[in-house]
Structures are given as structure tokens and as C-alpha cells.
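Chemist: In case you want the letters, here they are:
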Amino acid sequence: MNRFLLRRLATLVPVLLGVSVVVFLILHLVPGDPAEVIAGTGTTGQGIQAIRHQLGLDQPLLVQYLQWTGRLIRGDFGQSLMTREEVLPQLLYRFGNTLELAVGGMAVALCLGGAWGIVAATHRNSVWDHAFTMLSLVGVSMPIFWLGLLLMLGFAVELGWVPATGMAGPSTFVLPVLTLGLNATALVSRITRGSLIEVLQQAYVRTAWAKGVPPRSVLWRHVMKNAAVPIITVGALQFGYLLGGAVLTETVFVWPGLGRLLVDAIMQRDYPIVQGGILLIALTLIALNVITDVMYAFVDPRIRYQ
Amino acid sequence: MLIVAVAVLAPWLAPHSPVAQNLRDVAKPPTDAHPLGTDQLGRDLLSRVIYGARTSLVIGGVVLAIAFGVGTAVGFAAGWFGCWVDEGLMRAIDVLMAFPEILLAIAVVAALGPGLVNTMLAVGVSATPRFARLARAIVLSLRDQMYVEAARASGATEWRVLRRYILPNSMAVLLVQATLVIAIAIQAAAGLGFLGLGAQPPTAEWGVMLSDSRTYISTAPWLLTAPGLALMVTVMAFNFLGDGLQDVLAVQIAS
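So the protein sequences, as listed, match chains A and B.
Per the working numbering: the first sequence = residues 1 to 306.
Per the working numbering: the second sequence = residues 1 to 255.
These are calculated hints, taken from the structure and not from any lab test.
A portion of the hints provided could be inaccurate.
[As the list claims (entries may be wrong)] Simulated DEER-style distance windows between Cβ atoms:
#1 240(B) with 70(A): 50 to 58 Å
#2 175(B) with 45(A): 37 to 45 Å
#3 158(B) with 3(A): 31 to 39 Å
#4 12(A) with 240(B): 38 to 46 Å
#5 164(B) with 59(A): 44 to 52 Å
#6 220(A) with 158(B): 50 to 58 Å
[Said to hold, decoys possible] Anything over 12 Å on all C-beta distances counts as not near chain B; from chain A, calculated:
#7 48
#8 54
#9 80
#10 207
#11 282
All values reported here derive from a predicted model rather than from experimental measurement.
Backbone N, C-alpha and C fix where the C-beta goes; we use that ideal spot for every residue, glycine too.
The whole structure should be built from the sequences, with the hints applied where relevant.
Modeler: In C-alpha cells:
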């Protein structure tokens, strides 16, 4: 197990290096002189020079990269170019808000998608199953921001049950979480259905049926336990997709999360925030992938020895 | 097919110009002259939705060209040459895959600046890993086939083997992926448009139109139904096409 862990962690090194290079290059791929672009029109040569110096753009590229990563490792993500505030506390606060949405959405998706997937798999070719196939196709094809707008129109504007936008108390939580959750439900239910159907065809399930185990027990003791592993794995990987969806959902509902911060920062050319935000999400996903792999190896010993 | 036809024939189908403003008819509900109503600047919504099909299909096509071209080339090279070429290219792809697709697209837009052309580039880059991994897997499975060995034995150059033997035999799988990527690309580009990072006004683009409709959600809800529905139906059509192709081609491969 320890060897597996070490090997898995070793594969992280090139990925982390690559991710940091990509994020570093965001600033340097800006067409023209980044300092001039950040300064905007109407800034004097001196002003531009000051920005160039603040961002260290007057240094050679490699030196810049090393200095930048050195600061990152010490937890220094720089200062916002607009507000002069430290970037990291701001990022973490916003990220917390985004995580609330993502975790809530994941819970909705696992409950709804899981339940529906089970029904579809155990009643194959029934009306439920066909309705499932149709609806999951609609769900996959429906842009998340449109789903959000429709929910907003229905529940906030027409019915007036919950506020349309903002973050103030549990009632504002409902629509964004529902949006994210419903969007991910289509995928979760597909995976659940597929995984269950595969297990249902196994010989040991037939044996269980043959020896007269009650149906409820077959489903939960024999089938679900074995089908759960891929569902959880893919569920964890879906989290990244959910974080991406959160960026759009936050814009619909004016939710003060990381995605909203990121988009605003891009508009204002506030590069330290842009770089920090993208890095934070990428690091979260990498960590999540490692945790999933380790968990998977823990549950299924065959994987450790590959 | 219908959507392609609508996109091609947009100038003839649309009853009005998609950008002509008529400030006397601002945000009117559907009438005979404007079957879907008008938007906040008095532009005919039906015409804008029709022209939006054009924008989205162009995006889908360009994104596909970028992702398919670069991704397949990378995947083939990695799978064919193996060892350090494979290692290097696949690590690079791993790095790209560490970002959620929409985030990677946002990162590229952050560097290059918002706009329609940059959106296509950004979404194209973010979809590239899909083709790279798929193409690599295909090459690995075909590399040791008899006919490939025969071609090499008879003195065909590496380039010729790849082009004449590997590529045609991987087309079926890549084609299925291509239709799905178009669906994803259209959705992602509309998402960027919605965020204000993609196509810029006054371009008729569904994501931008939906973003505008948000402001008028209580006074003019019809602004949000039509573009969203168009977007969903288009994406669904490509998903359907992908599923259908997969069924047809899988049968072919099996027989």
C-alpha cells in the first residue's frame, strides 16, 4: 500500500509542474506587453514601468517563473491589481462559497441520480427506463445556465417562493444547488444504471436469486455493494465538472463564489486573482483524483499491484 | 440537418435583420410581425435565434477542426512512436486534463482576451485531450495488426502507414467522438458567451442572448425561452447523432 501511495504521489510531480507552467503562462500569453494591457490606455510610461516592476516583468522569463512558484509555495499569491488586497484570503473565502454549492449539488445528484439509476436498471425496458433514457439525454444537452434561468423564472419570478439572486440564508441556497444538482443528475443516473446492469448479469447475482435470497437483499447486499465502487469513483471525478458548472451557476444567481470572482477578474485584467483562482481549482481536482485513486486501491487490492 | 439548413439559409429565413434596432418596439411580446417578440433593443428575436444557429455551428466546426487536427496528430504520434515521445506528449495532455474543460477554456480566454475567435481557440484547446487520448488508444490497438505489419514489411514509410492504414481504420471511432465534441463545444462556447467572455454584442449568439435575457426575466420572459430552447435542441441533435453513429458503426466493426 505504501509503495502504491509513493508511486501515485511521484506521478504528481510532472503534472504539478505542468499546471504551474500553464497558469504562469496565462499572463505571458497576453498579446503585446502585459504591463501596457494591465495599465490600460491613458497611463504614462512611468506607470507602466511601475506595473512591470511590481509584477516582475522586467526579469528574464525563467527567473520570473522561479520567483513566482517560490512565492506560491510559501502561500503568497500576490496582491490584487485593483484593490491591493492579498489574493489568497479572498480566494479561499470565495472558494468556500463555491464548495457549498458544489457539495450541495453533488448530494442532490447522488440522491436523485442514484435512485433513478437503480429504478431504471432494475426495471429494464419498462416505461421508467425509457423515460429515463429520454430525460437523461435532455439533461445532458441542457445548458446549465439555461436550466438555472428557467428555475429562476419559475420559482423566483412567477411563484415567488425563493429569492432570485444573492447569498443570504438558506432560501437563496435552494435554486443554485438545485441547478447544479439537476445538471449532474443526468450523468450520475447514467453511470448508476450502467454499473448496476453490469453487476446484475454476474454469476454470483444469479446464484443469489437461485438460492432464494429475497429481492431486496439481492439488490442491496449483492448488487449495490459491488456497483458502488465505480459510482463513487466517477462521482468524485464528476466533482471537477461540478466546479466548472458552478462558475456558470454563480453568474446566473449572482452567488459570490470563486467562479464569479474569476470572471470579474478577467474582465478587469486582474491577473494575480485569475492565476490564483485557476490554480486553486486545478489543485483541488488533482488532490481529489489522488484521493479517489487511493480509496479505490484501498477497496480493491488488485489495483495496488498493477 | 434541419439546424444546418437553418444556419445556411439564415439570411433568407430571417424576417428581419438580426442587428437592426427599433427602439419603438422595445421588449414587445410575440406579435404577427415578430413571431417570437423583440428584445431590449427592439431587435427581432426570431431573426436573432436563426442567426445564432449560424454562430453556434461555425463555432462547433472550428473547434472540431482544432481539436481533431491537433488531438489526433498528438495521439497518433504518441501511440505510434512510443517511448519518450509518448511519455512527453501524454504528460502534457495530463496537465491539460487537470483543469475542468470550461475552466481551461476560461484560462485561455483570460490570456488572449474575450471574443468570438478566442473562444473558438479556447474551446478547441480544451477539447483536444479527448482526441489525443482516443487516437493514442486506437493506434496502440492497431499497431500490431497483421495488415499494418504487412504494410511496413513491404517498405511503406511510417507516414504512409499512418495515413493510409491507421487513419482510415480509426475514422469510425473518431467520428463518433467528433459529433459529441461538437455538442460539447457549442455548449461551452455558449457558456463563455453567457459569462461575457465569448462572442461580444451585437453578434447574435445564444449564450449572449441568454445573458441579456437575465436582466429582463420578470418583464420579458420570452427572451429567455427561445435562445435556450434552440441551444438545447442543437446540442441534443448532435448527441443523438453521436449515439446513432455509435450504434451503426459498432455493428459495422463487429461484422
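Chemist: Looking at the structure, which of the earlier hints fail to hold?
Modeler: Violated hints (numbers, rising): 2 and 11; every other hint is consistent with the structure.
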